[in-house]
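My request is simple: use the sequences and hints to build the entire structure.
The UniProt record's numbering puts the first residue of the sequence shown at 1, with every later residue one more than the last.
It is worth saying that the hints were derived from the structure and are not from the lab. Every clue listed holds true.
EDC-like mimics (lysine to aspartate or glutamate), calculated; alpha carbons at most 20 angstroms apart, straight line: (1) Lys130 to Glu188; (2) Lys130 to Glu158; (3) Lys127 to Glu158; (4) Lys67 to Glu94.
Note that the structure is a prediction, hence the values are computed from the model and not measured.
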Amino acid sequence: MILHSHEKATPLCRGHSQRASTYIILCLLTLSACASFKIERLFVEVVNAMRSVQRWQASAVLNRSPKGRAYGFDYSLNPYRGCSHACRYCYARESHTYLNLNVAEDFEQRLFVKDNLASRLQEELLKIPKTAVIALGTVTDPYQALEGHHHLTRAAIELLGQSGHAFTITTKSPLIERDLDLLAPLAERRQLAVHVSLISLDRSLLQRLEPGAPPPWRRLQTVRRLRDYGIPVGVFVAPIIPGLTDDLDTLNMLFSAIHEARATWVMASGTRLAPAIHTYFIQQLEAFDERAAYRLAQLYGESQMPNPAYTRSLNRVVAELCRRHHLRRSAPAIFAWDAAPQIHFAF
Numbered sequence: 001m002i003l004h005s006h007e008k009a010t011p012l013c014r015g016h017s018q019r020a021s022t023y024i025i026l027c028l029l030t031l032s033a034c035a036s037f038k039i040e041r042l043f044v045e046v047v048n049a050m051r052s053v054q055r056w057q058a059s060a061v062l063n064r065s066p067k068g069r070a071y072g073f074d075y076s077l078n079p080y081r082g083c084s085h086a087c088r089y090c091y092a093r094e095s096h097t098y099l100n101l102n103v104a105e106d107f108e109q110r111l112f113v114k115d116n117l118a119s120r121l122q123e124e125l126l127k128i129p130k131t132a133v134i135a136l137g138t139v140t141d142p143y144q145a146l147e148g149h150h151h152l153t154r155a156a157i158e159l160l161g162q163s164g165h166a167f168t169i170t171t172k173s174p175l176i177e178r179d180l181d182l183l184a185p186l187a188e189r190r191q192l193a194v195h196v197s198l199i200s201l202d203r204s205l206l207q208r209l210e211p212g213a214p215p216p217w218r219r220l221q222t223v224r225r226l227r228d229y230g231i232p233v234g235v236f237v238a239p240i241i242p243g244l245t246d247d248l249d250t251l252n253m254l255f256s257a258i259h260e261a262r263a264t265w266v267m268a269s270g271t272r273l274a275p276a277i278h279t280y281f282i283q284q285l286e287a288f289d290e291r292a293a294y295r296l297a298q299l300y301g302e303s304q305m306p307n308p309a310y311t312r313s314l315n316r317v318v319a320e321l322c323r324r325h326h327l328r329r330s331a332p333a334i335f336a337w338d339a340a341p342q343i344h345f346a347f
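Right under this line is the structure:
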């Protein structure tokens, strides 16, 4: 995302200016969608997030895709900066360095709310082609805990519905089910597709890699729920992490579960180590799996991507598993007009 030096961030809550009841309300809103979390854990996470949230006046909210339709969308839209899901591998951590913040705790705890998103989006949608595809949630999860309080993603969906632009949503959160009343009619008009992100069925592993995200079974439940409402859904199996989630048995079980949840397609890719997170992610792995950290370091060296031989082998495995479980390898042409499918999403 392009950052603008004249954008202003102002504190959302400072000292005791925000009542404790606000924290509790936000906690309960998120808890209603993520019932599997322990109440005390979620409460602590939400309160910590709220203490570091700032309002952000964005000069623009739609950002043109640097590669055009090559990634299947023309513009990205992100209601928030930073993400409380705290995925260790997330390439978007790099965006916090543009604010002179770090890729570690700052990305997870110093969050920004684009206060003027609705007004800016309404203006900007008038200036782009009606055939433009918009990706909602490329460097943040639009349904992270903050959305339970601020409703910026819901406001964006309402405006996109009115404008008629086709769009995709990418999320790990069952909070998306709150907006089924908006999403189902848009899907019927062939204006919407949803991607649910899931890299493993191993809950204990995901608690280390994605400590703030909902458990895998709950995300699969969300896939089923969306499909019940006629919404086209695919699953992002990305990143596939060498030494942790790339063995055949692990991937086979995951693809089988995705098929059982009635997702239509899978978009899978290896791990991309953006320069700003290269060292950070390997250090995170070393804390609980030194062998995986060593494997990653060997495969990548100083590069963002693994060696080509590994990538070719992984692609063959993904192709075979998609064939075995009757899953498409990319999103079909869902939208009402001839739109190129989203074929890749690099994590």
